[in-house]
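Protein chains in written order, with the numbering used here: chain B, 178 to 586; chain C, 57 to 239.
In short, the hints are calculated from the structure, not lab data.
The beta carbon of each residue, even a glycine, is placed where N, CA and C say it ideally should be.
There's no promise every hint is true.
Said to hold, decoys possible - Here are a few chain C residues that sit away from chain B, every Cβ distance over 10 Å (derived from the structure): (1) G80; (2) P93; (3) L148; (4) R181; (5) R184; (6) C186; (7) K202; (8) K219.
Said to hold, decoys possible - Dumping the calculated EDC-like pairs for lysine to aspartate or glutamate here, alpha-carbon to alpha-carbon at most 20 Å: (9) C:K212 <-> B:E341; (10) B:K329 <-> B:D299; (11) B:K503 <-> C:E143; (12) B:K329 <-> B:E279; (13) B:K260 <-> B:D241; (14) C:K202 <-> B:E565; (15) C:K210 <-> B:E566; (16) C:K210 <-> C:E143; (17) B:K329 <-> B:E341; (18) B:K467 <-> C:E168; (19) B:K467 <-> B:E552; (20) B:K409 <-> B:D463; (21) C:K202 <-> B:E291; (22) B:K491 <-> B:E509; (23) B:K329 <-> B:E313; (24) B:K202 <-> B:E224; (25) C:K212 <-> B:E566; (26) C:K219 <-> C:E199; (27) C:K210 <-> B:D360; (28) B:K536 <-> B:E509; (29) C:K193 <-> C:E143; (30) B:K202 <-> B:E415; (31) C:K210 <-> B:E562; (32) B:K329 <-> B:E291; (33) B:K467 <-> B:E509; (34) B:K229 <-> B:E191; (35) B:K491 <-> C:E143.
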Amino acid sequence: MRILYFQNSAPLSEFTEACLSLTPKIATYTNKLFLDIGATKKALGGESRILKSAAELIELFELDPQIVVTDRPEWAQSLALNKTCIFPPGQSRIYFLRLPIERLTFCGPPDEIEKEKPEREDLVRFMRRVGMATIEHFTALSPLAINRRFGKMGCSLREWADGEREFVLPTFFPSDPIRETIDAEDIPSMEHLLFSLRHALCRIEVRLSARGMLARSLAASFSFLTGPRSTKNISFSEPMRSAQALLRLLNECLNGLHWESPLHEIQLEITDMVPYVPGQLSLFDDHESKLSDIGEYIARLKCRFGESSVGFAKLTESYLPERSWKATFPPELPERPQQILPRRPSFILASPRPYIPAKNARLMPSEHLAAEWWEEDDRQYFILETPEERLWVYWNPFQQQWFLHGVFD
Amino acid sequence: MVYLRRLVLSSSFSYLERFFADRGGLFQISSHGGSIPFALKCSVIGPPPPKENHPATALNALPATPSCYSIWIADNGFLYAPSLYHERGLPLNQLLIVKVNEAEEVWNVGLEAIQTGLFSSVLLRPSRACHAHYLRKLQLAAERMKAKVFIIAKFKLPHWTLKANIGELDHAHSLLSKFCSSF
């Protein structure tokens with residue numbers, strides 16, 4: 178067994194989740210973290226790769242923990258004397274036995290240590306008074322002698338120190354929401370803000386990767402010095418977790434935002450996730466990756482121009498031109514031919530515009546459409562021809578006005 | 057820059073296909089009527105339609121996973137997909153439709169779309185022209201990415217940036233209609 182132990186002054190909850198990408202065997206106790214990295218001894222680069230990845234994560238989460246690599250989790254806290262203590266495999270016991278007797282207080286699982294701390298400290302002080310300087314002096318005694326002199330607590334400490342009792346690491350299941358908070362008070366410009374957001378998104382990416390998930394939507398909340406908090410929800414056309422892609426999307430959103438009061442804090446939270454299912458790799462067919470790239474591009478355009486302004490056309494069952502299709506992603510082939518419609522133009526305006534037909538224009542009746550009974554919208558369509566162009570116009574008897582709706586381009 | 061008088065007057069569309077194939081650059085279509093279907097045809101989305109020229113038959117020939125995508129960008133309206141689907145058999149799963157807010161954004165998004173390299177054809181229908189230097193950027197990007205950019209507009213553009221201009225020609229209107237009805 179090889180244990181990587183972290184001890185920090187602040188809680189390690191988000192860092193713990195990110196460490197799932199190093200090994201699934203994790204146990205956490207508020208500000209203490211145990212990782213079983215024994216399985217990686219010969220696989221995937223071994224212990225050195227794990228330590229290197231852990232160092233990168235520590236830098237990403239801006240932590241400054243004590244690090245111990247040892248053979249047994251029960252000795253990890255006792256061995257945490259310096260900032261970084263890495264003991265070669267099989268050698269941890271030698272160093273453990275040479276520790277001062279006071280370090281025996283920290284031998285065992287963290288919750289037990291916390292519960293028995295006063296009793297342990299009293300016992301260790303007594304051991305020091307009777308002349309024991311190191312843990313080796315204690316473990317040199319026979320179990321009978323330890324029981325007679327130090328009682329039940331002494332026996333328990335001996336079992337932990339000799340490795341007779343095993344500290345089973347409880348399994349860690351991430352349950353906290355993936356949320357990052359950025360303090361924006363001292364940020365002077367948009368570039369600085371994006372730089373700070375990039376770090377937060379890198380942490381989000383690592384946590385999503387550790388959970389094996391992809392994000393489908395993100396909520397960005399903005400707190401100001403004065404005024405109410407504002408929240409923007411961003412849905413992705415294609416589930417993603419890449420920090421770079423998320424940053425591009427956020428950049429598009431921020432460009433469209435204006436605020437009256439100085440920004441105090443930004444909070445990013447992943448509101449919807451889906452499991453990550455890796456696709457089948459193919460040397461010759463890049464359709465999946467191309468579609469994924471298009472999905473990411475569409476998400477950026479939607480942030481800029483709106484959800485209904487970007488997408489592949491999907492036909493819907495409606496005779497009204499503006500409701501007969503909608504923008505969607507991913508693209509779909511129509512299942513069966515829809516009903517045949519009268520002749521309509523290739524280009525229609527986003528919304529019908531009031532229009533005054535020219536006197537020399539020729540009008541040819543096209544179709545007559547009526548909207549829902551609660552909408553005062555009745556349209557008599559005509560194809561209007563002039564020497565320069567052909568337009569699609571309609572007369573609305575309710576409003577007593579002509580409207581231009583399309584162009585036969 | 058080539059004026060497509062001879063090409064348009066030619067009765068063989070395969071000549072135009074050979075002209076547009078494997079060429080990146082800007083092409084302006086400034087004629088009356090039929091310019092959108094013509095541009096869509098020249099952007100080579102989907103396989104050639106069958107001779108029966110029925111939308112339902114054309115649908116059966118469409119591949120489920122398209123090999124190339126095109127993008128349509130306009131500022132004051134939408135490409136009316138149902139009409140093009142029913143009458144021309146337009147493959148809806150290969151054309152991304154984008155509606156922007158201003159004419160300037162048509163050109164901006166067009167340049168971005170070319171630079172992504174995701175689209176083999178970019179169709180722009182802006183309500184206003186852009187500055188010549190921006191058009192030059194579009195031209196260079198289109199040639200570098202080998203993307204065909206079709207600008208459907210009647211206003212004049214600097215001819216030195218365009219590879220071809222299908223403009224007002226003798227009998228062009230009727231000939232374009234003939235081309236469009238044949239695909």
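For each hint, the structure was consulted:
1. G80: Non-interface label stands for C:G80: nearest chain B Cβ at 18 Å, farther than 10 Å.
2. P93: 6 Å, violated
3. L148: 5 Å, violated
4. R181: Contrary to the label, C:R181 does not stay out of reach of chain B, its closest Cβ about 7 Å off (not over 10 Å).
5. R184: 16 Å, holds
6. C186: At roughly 18 Å from the nearest Cβ of chain B, C:C186 sits farther out than 10 Å, so the non-interface label holds.
7. K202: Non-interface label stands for C:K202: nearest chain B Cβ at 16 Å, farther than 10 Å.
8. K219: 21 Å, holds
9. C:K212 <-> B:E341: 89 Å, violated
10. B:K329 <-> B:D299: 13 Å, holds
11. B:K503 <-> C:E143: Judged against 20 Å, a Cα distance of about 18 Å means the pair holds.
12. B:K329 <-> B:E279: 18 Å, holds
13. B:K260 <-> B:D241: 9 Å, holds
14. C:K202 <-> B:E565: 34 Å, violated
15. C:K210 <-> B:E566: 11 Å, holds
16. C:K210 <-> C:E143: 24 Å, violated
17. B:K329 <-> B:E341: Roughly 15 Å between the alpha carbons, so the hint for B:K329 and B:E341 holds.
18. B:K467 <-> C:E168: 16 Å, holds
19. B:K467 <-> B:E552: Distance of about 43 Å is beyond 20 Å: violated.
20. B:K409 <-> B:D463: Distance ~34 Å between B:K409 and B:D463 Cα, so the pair is violated.
21. C:K202 <-> B:E291: It is violated: about 68 Å lies between the C-alpha atoms, which goes past 20 Å.
22. B:K491 <-> B:E509: 7 Å, holds
23. B:K329 <-> B:E313: Given that 20 Å is the threshold and the Cα spacing comes to 19 Å, the pair holds.
24. B:K202 <-> B:E224: 15 Å, holds
25. C:K212 <-> B:E566: Given that 20 Å is the threshold and the Cα spacing comes to 17 Å, the pair holds.
26. C:K219 <-> C:E199: 10 Å, holds
27. C:K210 <-> B:D360: 51 Å, violated
28. B:K536 <-> B:E509: 44 Å, violated
29. C:K193 <-> C:E143: This hinted pair is violated, its Cα atoms lying about 35 Å apart.
30. B:K202 <-> B:E415: 31 Å, violated
31. C:K210 <-> B:E562: Holds: C:K210 and B:E562 sit about 17 Å apart, inside 20 Å.
32. B:K329 <-> B:E291: With a Cα-Cα distance of about 17 Å, the restraint between B:K329 and B:E291 holds, given a limit of 20 Å.
33. B:K467 <-> B:E509: 16 Å, holds
34. B:K229 <-> B:E191: Satisfied, since the Cα-Cα distance of roughly 18 Å is no more than 20 Å.
35. B:K491 <-> C:E143: Satisfied, since the Cα-Cα distance of roughly 16 Å is no more than 20 Å.
Violated hints for the displayed structure, listed by number in ascending order: 2, 3, 4, 9, 14, 16, 19, 20, 21, 27, 28, 29 and 30.
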